[in-house]
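Chemist: Chain residues, written in single-letter form:
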Amino acid sequence: MTMSDLAVEVHALAKAYGGIPAVDGIDLQVQRGECFALLGPNGAGKTTAIEILEGYRARDSGDALVLGHDPGRPTGTWRSRIGIVLQTATDNAELNVHEVVSHFAHYYPSPRDPESVIEAVGLSEKRKTRTRNLSGGQRRRLDVALGIIGRPELLFLDEPTTGFDPEARRDFWELIRRLRADGTTILLTTHYLEEAEHLADRVAVIADGRVVAEGAPSSLGGREAGDAVVSWRTPDGVQTSRTAEPTRLVSELAAQYGGEIPELTVRRPSLEDVYLALVGRPVESPSDQGSVGEL
Amino acid sequence: MTPTLTIGWRRVQIELKEFFRERESVVFTFSLPMLLMLIFGSVFSGEIAPGLGVTFSQYFLAGMIASGLVYSSFQQLAIAIPVERDDGTLKRIQGTPMPKAAYFLGKLGVVLVVYCGQVFLLLLMGVVLFDITLPSAAWQWITFAWVSALGLALCTLLGISFSSLPRNGRSASAWVTPVILVLQFTSGVFFVFRDLPSWMQTFASIFPLKWMTQGMRSVFLPGEFASQEPAASWELPQVAGMLVLWTLVGLVLALTTFRWQRRGDG
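From first to last, the protein sequence lines stand for chains A and B. Take 1 as the starting number for the first sequence in our numbering and just add one per residue. Take 1001 as the starting number for the second sequence in our numbering and just add one per residue.
In isolation and in its complexed conformation, chain B is listed as follows (with noise of 0.2 Å):
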């Protein structure tokens, strides 16, 4: 292995043991997303489209597992890098000679783990409080790999551009939430997506979480249900194409922005 890989390893195994032994924010991180799955699936159990036995838990499931990709990600590098900027971690690896990238590779291992654990929980609570039934054709599951996988990438690559915005790691998360809250609003994910209003639609095809929702749902309801979304399929060709741009946006955005010292310090 080239030390890039041996180093970026030792990042992985010594930022998950960092990041369990802060247990309150393991703890937030994983009920978070249970939480809401709870009390939207309990509020809004009925079916949403007549004869197709579609309820508005299976819909938020999908939604909420899209979610889990911006959480474990997106939220989570967005605030934890300007904290590592502010108490001097970034600056103390930028004074030793370990490659750059494995620092990336190492939050990269964080953000997988806590999203798979994220996704099993959410499963889990579906199978066993909301009758929901696990896809069981290989192409769902395809699906749902290569939509994890675009949606983690684009997702970590975006939120390693957006640590460079806040001044400072106490206003991170300030910056980070609200975003997150009005794409969820506006993208499928607490309201059903074919009923917002149109220019609501239109916003948020411009940003990839309706993508990644979208994504999810055709793993995770029923193939009819396909009738139902605005353009009366799941359109995973576009799915997939609006991932793959916004990962190359992600990608020169995060190259172009990364600072490894607060604003005004270098």
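Okay, chain A solo, but in the shape it has when bound (with noise of 0.2 Å):
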């Protein structure tokens, strides 16, 4: 694989706040063109290790390299091939829409069109509405907006849709969606399982600042090789088993019963099993209370 085929390129990355480490020592490689999440729960580390690759913070050892440059020495042109859409944002209160979308433009060598930006990221009907008086959502579409109104080949997106409400959820998915088939590579972190399984390509679980996981949503951590767990009832009431054969298991008492098996259920781990595993802590689901994964 040559350089160029790497987005963002990671080794070792490291860097402590008083002694104690956020970011414990990262490997990562994003490839261009796809779109890569960074999961993990509230202080893993996510911020700071992708605020150390937007050239907002200092690393304290490692190497990096985002779109071949060294992301500790930010130069302007280096600026114009990337996109940020921070956290937290509520600047430009008094100003509206298409006031600071286009203002934004101006900052760029070959900005994309204002107009369409808002389009895109469907704030139309709003693009005379002061930022002030924007939703949640409305504002980090906004956010959005800004991020990629410089046609960046790489887009940040940190924690993007906490604070949703399930539909404007799925709106903003959507949105990510065609700005990666668009060929943006995209780097998003979450704490939102369900976010990262809809969304990326590729995962790397974060927990106390180490990846301890890395891949595909589907095979992470072993997933697609795990222990199916199959569950049928019998007279006694419903009764579970795990197994690495749940074909032969079922074939079994497809024999015993001569036919169906009464309710029967076979499941492998979900990702938010995985996930449970990997960083050993209590899962937030996007959904919030409620419907936890469908089993």
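There is no bait here: all hints are sound.
The list that follows gives simulated cross-link-like pairs (lysine to aspartate or glutamate, EDC-like), each with its CA atoms no further than 16 Å apart:
1. A/128 x A/99
2. B/1017 x A/94
3. A/128 x B/1018
4. B/1017 x A/99
5. A/126 x A/115
6. A/126 x A/99
7. A/126 x A/94
8. A/128 x A/94
9. A/128 x A/115
Computed footprint of chain A on chain B, listed as stretches where at least three residues anywhere in the stretch have a Cβ under 8 Å from a Cβ of chain A:
10. 1013–1024
11. 1089–1098
In case anyone wonders, no lab produced these hints; they're calculated from the structure. Here a beta-carbon is modelled for each residue, glycine too, at the ideal position from N, C-alpha and C.
Got two chains here, each in a separate frame; can you build the complex from them with the hints?
Modeler: Listed below in structure tokens is the structure:
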């Protein structure tokens, strides 16, 4: 693999605050055109890591290249090739959507057309609305508009959908998918499993400043090879069995019951099960209390 | 034009748009100096130098115009910049290829507009309500121009430097207001400078406001009043020297202390 295939290349990245490591030796490789998620609980070091790559924070040690450039020495040219969507921002409160987006377009050498960007993020109807009057979700869409106005090769999104209601989250995911389809490389952080599973080609799970697992969401942590759980109803109640050979168990049961097995389910460990095992912490669900994953 | 200047000009426009849309802040910014002028000018209306026909209102007008330099630049920036550090303005800008100097050009644009507005309103009020005659000699207006230019330069730079002290935007005005008040009381704005205890005069002479008020008095008071100054002269060369010195101090401080992010974020 040549250098130019990689949008982000990180080796042994470390950063500590007051002697306490926030990022403790991370290796990452993000390919051009891919959507890569840093997934982890709050306080795992995701924001510190992404802000080092965005050129906001200095690293203590390790190597990092973002679009072939050291993010510790940001230049204007390099900045015009990346786009950043920060975690929280309430700036430009008195300006309307159109004014903010067209103003930021002037900062870049070959910006996108402000009107099409506003349309792309679904804010056309709000183009004359002052920023302070936007809802949380609309505000984030504006942040994305400002992140992509400069036609970036690489877009950073730091916990983009925190605090969204489920519908706003779905819409937002659709927007990110369209950007990725346009060829923009995306590096996002999230503490929502569902988000990583929906958006990312590859996921790195971060806990306590380290990458504890990496791969496609479907194969994360050996998920595809993991044991399956088979459950069915017996006259004594529901019985479950954990097995590496679910097909054999089901055939045996089928023979035993002579046809339909009552209330049969077979399931692989969900991403959530894998994730919980990896980070050893309670999980947060984007849909919040209630439906935590279909079984 | 270079990108810095073109983008700087765009920053001026966008900053002014934002400034004038914040109604309350606009009203406060322009009415405070006028309100003070109205109160002090009405309460202390007597002559302060027998035979010279100089009233306290006139003396105070010069002090308020010098204070206008402080309000429009130092006070405004030392409060606005910490707020922008909190709300993400600075962080977002830092993440774009915008030339960093353009941000400060934008701020300077607002400072100039606010200062011109304040001076216009104060002079208007002085002429209409307090029988103040505007200076007629060209040299007086030239002095006004250079005292204003140097005063704005140094107060802008000091405001940028001072903006790094408050921990957040909410505490910014608590930091800024006492500094300005103490200097106003000791530098010949609220009291006639020559009446102050000499240790207070010495204290105030270290800081630029004393020299800014003195420069403005040379513009707005009759020439004969110079004899009433502690040094029996306007000391314009000293005024220029002190203002240049503080401009350099402000430049060094601004360049070495300015932070784009909140303390502990870097």
